[in-house]
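Letter by letter, the chains look like this.
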Amino acid sequence: MGVVHGDLMTLNIGPQHPSTHGVLRLRVKTDGEIISEVEPVIGYLHRCFEKHCENVTYEQVIPYTDRCDYIAAMNNNFGYAVAVEELMDLHVPDRVEHIRVIVSELNRLASHLLALGTFGLDVGAFTPFLYMFRDRERILDLFEVLCGARLLYNYIWVGGLSHDFPKGFEEKIIDFLDYFEPQLDEYNGILTYNKIFIERTADVGVLPAEVAISYGVTGPNLRGSGVKWDLRKDDTYSIYEQFDFNIPVGTGTVGTVGDCWDRYYVRMLEMTESIKIIRQAVKALPSGDVHQALPKKIRPPKGSVYKRTESPRGDLGYYIESDGSPVPYRLKMRSPAFTALSVMGEIASGWMMSDVLAILGSLDIVLGEIDR
Amino acid sequence: MTIDQLINWIPFGADWPATTFFIAVLVCALIIFIFIAAYALTAIYGEVKISSFMQDKVGPMGQGVGFHTGKFGLLQPVADALKLLLKEDIIPALADKKLFIMAPFVVFIGAFISFAALPFNQHTIVADLNIGIFYILAVGSLSVIGIILAGWGSNNKWSLYGGMRSAAQIVSYEIPAGLSIVTVIMLTGTLSMQGIIEFQTGTIWGIFPNWIIFNNPFSFIAFFLFFISGVAECNRTPFDIPEAESELVAGAFTEYSGLRYAFFFLSEYAEMFVVSAVATTAFLGGWLSPVSGYFEGPVWGLFWFMGKSLFLVFVMLWFRWTFPRLRVDQLMSVCWKVFLPFTLVNIFGVAIWSLIVG
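In the order they appear, the protein sequences are chains A and B. Residue 44 in the numbering used here sits at position 44 of the first sequence; the count goes up by one each step and never skips. To convert, take the position in the second sequence, counting from 1, and add 1000; that gives the numbering used here.
These aren't lab readings, by the way, just hints derived from the structure by calculation. In this text the structure is predicted, and so the values were computed from the model without any measurement. Accuracy of the hints is not assured; some may be wrong.
[Unchecked claim] Straight line, CA to CA, 30 angstroms or less: simulated DSSO-like cross-link-like pairs of lysine-lysine:
no.: 1; chain 1: A; residue 1: Lys-307; chain 2: A; residue 2: Lys-296
no.: 2; chain 1: B; residue 1: Lys-1337; chain 2: A; residue 2: Lys-195
no.: 3; chain 1: B; residue 1: Lys-1097; chain 2: A; residue 2: Lys-195
Build the full structure now, drawing on both the sequences and the hints.
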């Protein structure tokens, strides 16, 4: 009997595929079900965000930041506003800081719900996805009440906010949290501790801490590998140091530290922490005028700033170079999803077809932010 | 009504036996086809409504005036069917045309001719074959050929993946399914569907129905092994890896549209019913009433048979909306490392049991 030689088959997963989370193309080399090489091909959603920013004023950049990570637009607004304020040495009123924290944590909840739901969908669980979307919808309804938009808010402005909280909005938030907290147990029941789900995700796509750090992976993906790194605590911004919350890390409860299940579960635990932060912030919400510190014309002094904040996907950094004019000379965004995707080739090779999509889902990428 | 009675009933039967036989077969086929279509529409409606109930949404609803989808969305399956019928029939330019066209029919035939041996009640069976249950298991595996043809003929990598996965899965799960049925055959001593049901008449200690599932511990396990293997053979979640929509787009059916796709869809639902009906016949007493001596007769028989089968179909839907999907290697290891040893032990256990008790 001679040895059978087979060529590897090249397969394009995407850009039109049900589970690539946007227009991502994975060029994979397969040997039957085994994937021997994964190469993400990006750029299908490139909209010249950074170049656009060089031609619009600082205020006009904010709607563009919405469209980068459209799943967590509040956090993107927040990061940009904080960066420009640091450049201008501008301090915002306490009420503004509190509201910013509340809305960005609410948006973190919405973003994690989407991440977990679509991850469930990637491994074939349909119902949890709809449960999570049902609850995400309530958050979007809250945002609609707040600023009229459901996805792209343009809410957090440099030096303030576009609107104050409407009357009775705090109660609405607390009502939502009271409803939402028990739902987490339901998710855990139907998905997290499901035997098949654990079989599919535990020990799959293990991302060791040193690999994660060397690739610059941040956010829940890094914490899933057991590294306790969260900018809200480690390089604190806004008023996060006032709040009491924990940073959950992956512990390898059902498998190895840094597997898909850990990345999933860290997000689940982070939702509990976000709820804690929102409750504290609503309780401590001071009164005041949110438009008080809003500058008439944003003309930062000559200089540059690099400010990073913790978006639901990790370290979201804005590098802004100012030449003293009302438009940024150069703006560069450090995208957390981009680094998360770059690790894909490293950890997804050698797994099976189904695992590759599970790993992709567990990294929680948003193509709007990767391609910018 | 068996096909033999139908032949005798036709007045000129004795003069032209071949023609009579052909007519009788056509009549039976037509009745079965109408039954499958009606059942599939019901099942599709059930699936959307049950999934809506489980997923906290409303599903199809009829609102307002005009031709919407009727009260409670009752016309939704009709609208779906109509849409599939009216869609453009696309055959990819590079597809193997003959295989591509043939595949849906091969799949459908596999599911369709299984109905010939299903006993709907005491009298309603097309042909009470003396190898009935064996026949159903045998023709049930025809569909795998169709799926491979579809996967290969589409000339699409996703389809090929789906076809190969499906082949491996269906062929593997035939074995535990068949071996679980062997335990039934060992107890009843017959392969005839009606014979198996007649074995289950009466009661255990005057209370429980004398169904094979309650006959002994081994047949109790065998029912679950058979049913799960059956779910796997139908490619339903959690074993729907051949058409895993988040991995393989639509597996072997990726390139199909319109009526051809409808045939795949129809045969999937038909197969679900066949598996449920076989499980009902072999383990749950077929058309027998659960309360011995009451609610008997042809109409009740039909009611019990349909009720039990549709309940098992409902359980399959329930699975689908609850579980994630297994990976292909996990699926195989469950089959060969768990189910197969269990079924073999079961056969051994039943043999010992009948030696001691029977």
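Quick rundown of the hints versus the structure:
Straight-line distance between C-alpha atoms of A/Lys-307 and A/Lys-296 comes to about 23 angstroms, which keeps the hinted pair within the 30 angstroms bound. Taken as a hint, the B/Lys-1337 and A/Lys-195 pair is honoured in the structure, with Cα atoms around 17 angstroms apart against an allowance of 30 angstroms. Between the alpha carbons of B/Lys-1097 and A/Lys-195 the distance comes to roughly 43 angstroms, so the proposed pair goes past 30 angstroms and is violated.
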